[in-house]
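Participant: Let's have the full structure, built from the sequences with the hints guiding it.
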Amino acid sequence: MLKRIRRSDVCVGMYIDDIEGTDGRSLGLVVSRATVADIHERNLFSSIIDTSRGRDVAVSDEQSAAGSVPPATLACHGNPSRHDVARARRVPASTKPIMGKMFSDARLGKAVQFNDAAKAVDQIISTLDENPIALIEVTRLRSKDENSFLHSIGVSTLMIHFGRWLGHDPMAVRLLGVSGLVHDIGKMALPSSLLQKAGSLTGDELAQVRTHPSEGHALLARHGTMPNVVMEICLNHHERLDGTGYPRGIAQNEISKAVRIASICDVYDAMTTIRPYKRAWSPTEAFSSMFRSEGQFDRQLLWQFIQCLDHPGGP
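Per our numbering, residue 4 is the first one in the sequence shown, and the count goes up by one each step.
There's no promise every hint is true.
Below 27 angstroms or equal to it, Euclidean Cα-Cα: the simulated DSS-like pairs (lysine-lysine) are [as the list claims (entries may be wrong)]:
#: 1; residue 1: Lys122; residue 2: Lys99
#: 2; residue 1: Lys99; residue 2: Lys200
#: 3; residue 1: Lys122; residue 2: Lys260
#: 4; residue 1: Lys113; residue 2: Lys200
#: 5; residue 1: Lys200; residue 2: Lys6
#: 6; residue 1: Lys113; residue 2: Lys99
#: 7; residue 1: Lys200; residue 2: Lys104
#: 8; residue 1: Lys104; residue 2: Lys122
Derived from the structure by calculation, the hints contain no laboratory data.
Here the structure is a predicted model, which means the values were calculated and not measured.
Facilitator: What follows is the structure, encoded as structure tokens:
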């Protein structure tokens, strides 16, 4: 059985099927304490273990996963109506041709058009007007083949919702939504064989994958009229407040509020995604892990993000 666990719970004897929060892949059977120490020290959020091929994590450890999060009501997503869910499910279907064109243009090295992304964002915004939680829930359920496409929609949806909750004006919210759709566009410039590799990445391969923010920024720059905030988020969404991120290793005041919002939404979407082959972390588990990741996120914004999911109608 595949199970998502905290990095601090990895130990010798586990079989690592997937590493999330970085651009690495599987490590296989963990046979040394040095490997365990390396995983514990990495800037990652969770690992996927295969309990049928290696050791399981202690149940008591899993049950205490949320213990370090300060008291709060964590992301009570509620129960959208059937009508709201049905409407929300139409958004991925209607935006897929738009997203497909953008991704195809990016693979060919063509400029990514702002208006194309904005059309998709306008559909997301319209759906969020009815029930903000329904679309968030729908985008969490995805197949392996749809992961990149729906991750972009999921991040865009969260950024729009969070931006509204923070009181941003409609144009700023729209730009956050566009930024979410294209934040990973640089991965289209990488070889598909590299992105789909099943085993662990070599050092050179990992370095190549970590060029995707710069590649994306270059693709967006070719249009000439792409808003600065969209390009900034594309370039910096893997940077960390402590300066250990990539591609430039910037820190603190060099990282804008918009980028900090994007980083939170990007990681939260990845951690809470429901897939056929692995269990998603609950909102409580995800926030617990994110709070423990020292130097990664803006803590004040992270708290506000919790509140925006818990109180979708506004502060």
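Participant: Hint by hint, note whether the structure agrees.
Facilitator: Quick rundown of the hints versus the structure:
1. For the hint pairing Lys122 with Lys99, the CA-to-CA distance comes to about 11 angstroms; that is within 27 angstroms, so the pair holds.
2. Restraint check: the Cα-Cα separation between Lys99 and Lys200 comes to about 24 angstroms, which is no more than 27 angstroms; the hinted pair holds.
3. A C-alpha spacing of about 24 angstroms is found between Lys122 and Lys260, which places the hinted pair at or below 27 angstroms, so the restraint holds.
4. Distance check on the hinted pair: Lys113 and Lys200 sit about 25 angstroms apart at the alpha-carbon level, within 27 angstroms; holds.
5. Between Lys200 and Lys6, the direct Cα distance comes to roughly 20 angstroms. Compliance with the 27 angstroms bound is thereby established for this hinted pair.
6. With a C-alpha separation of about 19 angstroms, the suggested pair Lys113 and Lys99 falls inside the 27 angstroms cut-off, and the hint holds.
7. Annotation: proposed proximity of Lys200 to Lys104 holds, straight-line Cα distance about 24 angstroms (limit 27 angstroms).
8. Using a Cα cut-off of 27 angstroms, the hinted pair Lys104 and Lys122 holds, with the two alpha carbons roughly 12 angstroms apart.
In the structure shown, no violation is registered for any of the earlier numbered hints.
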